Amino acid sequence: MSRAKLDYLDELEAEAIHIMREVAGQFERPALLFSGGKDSITLVRLAEKAFRPGKFPFPLVHIDTGHNFQETIQYRDDMIARLGEKLIVGYVQDDIDAGRVVEQTGKNASRNQLQTVTLLNTIAKYEFDACIGGARRDEEKARAKERVFSVRDEFGQWNPKLQRPELWDLYNGKIHKGENVRVFPISNWTELDVWNYIRREGIALPSIYFAHQRDVITRNGQLMAASPFLNMDEEDVVERKTVRFRTVGDMSCTAAVESEAFEIDNIINEISASRISERGARLDDKVSEAAMEDRKKGGYF
Amino acid sequence: MNLLKFLTCGSVDDGKSTLIGRLLYDTDSILEDQLEALQRSNRKNDDGTIDLAILTDGLKAEREQGITIDVAYKYFQTEKRKFIIADTPGHIQYTRNMVTGASNAGLAIILIDARKGVIEQTIRHSFLVSMLEIPHVMVAINKMDMVDYDEAVFNKIVDDYKALTTKLHLHDVRYIPVSALRGDNIGSTSDRTAWYKGPSLLDYLETVHTDVNEDNNVARMPVQWVVRPQTEELHDYRGYAGKVLSGTFKVNDSITVLPSGFTSVLERIEVFDKTPEAAAAGMSVTLHLKDEIDISRGDVLVKSSELPHVGQMIEADLCWMDTKPLDPSHTYLVQHNSKVTRCRISEVLYKMQINTLEKEFSEDFKLNDIGRIVIKTAEPLAFDVYQKNKANGRAIIIDTRTNVTVGALMFRAAAD
Chain A
1 MSRAKLDYLD ELEAEAIHIM REVAGQFERP ALLFSGGKDS ITLVRLAEKA FRPGKFPFPL
61 VHIDTGHNFQ ETIQYRDDMI ARLGEKLIVG YVQDDIDAGR VVEQTGKNAS RNQLQTVTLL
121 NTIAKYEFDA CIGGARRDEE KARAKERVFS VRDEFGQWNP KLQRPELWDL YNGKIHKGEN
181 VRVFPISNWT ELDVWNYIRR EGIALPSIYF AHQRDVITRN GQLMAASPFL NMDEEDVVER
241 KTVRFRTVGD MSCTAAVESE AFEIDNIINE ISASRISERG ARLDDKVSEA AMEDRKKGGY
301 F
Chain B
1 MNLLKFLTCG SVDDGKSTLI GRLLYDTDSI LEDQLEALQR SNRKNDDGTI DLAILTDGLK
61 AEREQGITID VAYKYFQTEK RKFIIADTPG HIQYTRNMVT GASNAGLAII LIDARKGVIE
121 QTIRHSFLVS MLEIPHVMVA INKMDMVDYD EAVFNKIVDD YKALTTKLHL HDVRYIPVSA
181 LRGDNIGSTS DRTAWYKGPS LLDYLETVHT DVNEDNNVAR MPVQWVVRPQ TEELHDYRGY
241 AGKVLSGTFK VNDSITVLPS GFTSVLERIE VFDKTPEAAA AGMSVTLHLK DEIDISRGDV
301 LVKSSELPHV GQMIEADLCW MDTKPLDPSH TYLVQHNSKV TRCRISEVLY KMQINTLEKE
361 FSEDFKLNDI GRIVIKTAEP LAFDVYQKNK ANGRAIIIDT RTNVTVGALM FRAAAD
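Protein chains in written order, with UniProt numbering: chain A, 1 to 301; chain B, 1 to 416.
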């Protein structure tokens, strides 16, 4: 059997498992960053494939903005119970209460920016030296530049002009104390690859990925879920629509799309036909042409 | 459906990013919001059309300078194949980033500006492609629109390049006349080059044969992680997890563990909840042996009938990737698959003058220098030579002071 006969999903899966096992082998205190979205859910499945029947050699870490979709939290807790693995939660609210960050005001206020501080504090508190994340290079042009093992300095900063050469599938995880490495096992996957993999593996997802009825308002041309976390005023008209979410982030910055996709097959057809990229529904990327790059330089996931 | 990883190399203004943009555009891979972002951008071609090159320049500094600094990875798929493009910088100063992008490529597109022909950068990039043993090379002679689609210009460049290939080890070289800007021979063949009888670039990418020659591939699996649940019901469970680098392992194969040399028999292969009879190159698996042997991360499992070299003195090609020059008195780390050990560069045999392809005898080794050295490792490595088995024939060098990856090694021979 030759290498070329592996199906592309098998090849992507084998590569991701290899990367996860490198993390386990090279680092003292790794963690897997879990947001409850489809990409980190895929990471969990890959971790099962990499380490079962053994335990995961890392805890799952959720940075909780407090502005979650309830369905995501329910999913997270059910999943942890099924896996029997450890979950650590870092709360953005704790940093707000302690005065370490200040909540944004105004109509488009979001806690998305604030979670970077909580993430860095959580990394420091538990002395994590590697954080596995579900970012993909196809998501955004700054992410397209990211290495699989991406070294962050003691301030959590990414320096895109000084990235280590990354050759073949040899990943260099050597760091100085205080630094950490962000590791992206599904760098080479596209949104469609993730969906095809989820379908192939029969992985359950939070219900908000599938079409459902929801109260939404239209803001800046995007459908936002009506919730107490959104600063609404009399101009905002709440409408009930059939929608689904393509990405799952903070309720205040993740937009829904109108959709009749109740099943995974419909979703895959919808994405294949879609003319809008996944992050087209993320307000946080639209701030400027370099919004993602700037956030990553500041320690964002 | 299978996956082809390829890279594009060319000098700064040869139109690499435009070529990639064109491939994405012609395969309908650019989405509306991305096109809108392009429209909003101030960078336009002279005739006012969208500059497809900005699709790939993801960093602020790149957009400011209009050059590619680091590798960008782009993804697209057609009905026949999935593709990953490594868009690599052309500047000499970013050679290390080109090598990064090239290391995983199964095919290289070398761009040549039809007006300029074969230049120093072409030689440099072709040398790197040959050193890394990239199996397929497509020489894309670009900007044919600027030379009136003249067949004679194309033929002259093909002849010049063929002369160059006699000095290099390139395996499969094809030539195609294109205009990335106008889209000639990219997504489909063009009437403007009626004299060209070959496939379009996309057609070639979709159909190029990517099977590796299994005769040369011997079974190797470095151990990355030992799976030991240590629960009551799995008290004796001990699985060796790793990715099969090359060849195929089958249940009941005789196995040798290196460097210790202990032998056993392959009892079971696990891939999560499945127990296949064979594990082939590219698969991440867990292997179980019949005997209890002390095996840990860094050891290599091989088929006893196909032993690699095991040694501490190795002759290798070295590409230096750090601004701090090679220091022969310094002890570095070498990472060969999951094995990390100390090493020293004990001898520089020669440095390659890669613009002229001449060997030069020199003691110093600086950023982007390439040459042949002898490395001495603190512990033995179980390796193959790169030409025969790329996966087990390469390694990186790490500077213990900075932890940075400073060198890429391709093993050429055992030296002790």
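What the hints contain is simulated information worked out from the structure, not anything from laboratory work. Mixed in with the good hints there might be a few duds.
DSSO-like mimics (lysine-lysine), calculated; alpha carbons at most 30 angstroms apart, straight line [stated by the list, open to error]: (1) B:K324 to B:K274; (2) A:K49 to A:K125; (3) B:K167 to A:K49; (4) A:K49 to B:K359; (5) A:K177 to B:K324.
Restraint-style ranges between C-beta atoms, simulated for each label pair [unchecked claim]: (6) B:E363 to A:E201: 49 to 57 angstroms; (7) B:N252 to A:K86: 55 to 63 angstroms; (8) B:R342 to A:Q93: 44 to 52 angstroms; (9) B:A278 to A:F262: 37 to 45 angstroms; (10) B:D273 to A:Y91: 33 to 41 angstroms; (11) B:E233 to A:N231: 39 to 47 angstroms; (12) A:R219 to B:D28: 26 to 34 angstroms; (13) B:E206 to A:D97: 39 to 47 angstroms; (14) A:R29 to B:H171: 51 to 59 angstroms; (15) A:D94 to B:E233: 33 to 41 angstroms.
Source: prediction; values computed, not measured. Ideal Cβ placement from N, Cα and C applies to all residues, glycine included.
So, going through the hints one by one against the coordinates:
no.: 1; hint: B:K324 to B:K274; in the structure: violated (48 angstroms)
no.: 2; hint: A:K49 to A:K125; in the structure: holds (29 angstroms)
no.: 3; hint: B:K167 to A:K49; in the structure: violated (46 angstroms)
no.: 4; hint: A:K49 to B:K359; in the structure: violated (48 angstroms)
no.: 5; hint: A:K177 to B:K324; in the structure: holds (22 angstroms)
no.: 6; hint: B:E363 to A:E201: 49 to 57 angstroms; in the structure: holds (55 angstroms)
no.: 7; hint: B:N252 to A:K86: 55 to 63 angstroms; in the structure: violated (39 angstroms)
no.: 8; hint: B:R342 to A:Q93: 44 to 52 angstroms; in the structure: holds (48 angstroms)
no.: 9; hint: B:A278 to A:F262: 37 to 45 angstroms; in the structure: holds (40 angstroms)
no.: 10; hint: B:D273 to A:Y91: 33 to 41 angstroms; in the structure: holds (36 angstroms)
no.: 11; hint: B:E233 to A:N231: 39 to 47 angstroms; in the structure: violated (54 angstroms)
no.: 12; hint: A:R219 to B:D28: 26 to 34 angstroms; in the structure: holds (30 angstroms)
no.: 13; hint: B:E206 to A:D97: 39 to 47 angstroms; in the structure: violated (57 angstroms)
no.: 14; hint: A:R29 to B:H171: 51 to 59 angstroms; in the structure: violated (45 angstroms)
no.: 15; hint: A:D94 to B:E233: 33 to 41 angstroms; in the structure: holds (40 angstroms)
Against the hints set out earlier in the document, violations occur for numbers 1, 3, 4, 7, 11, 13 and 14.
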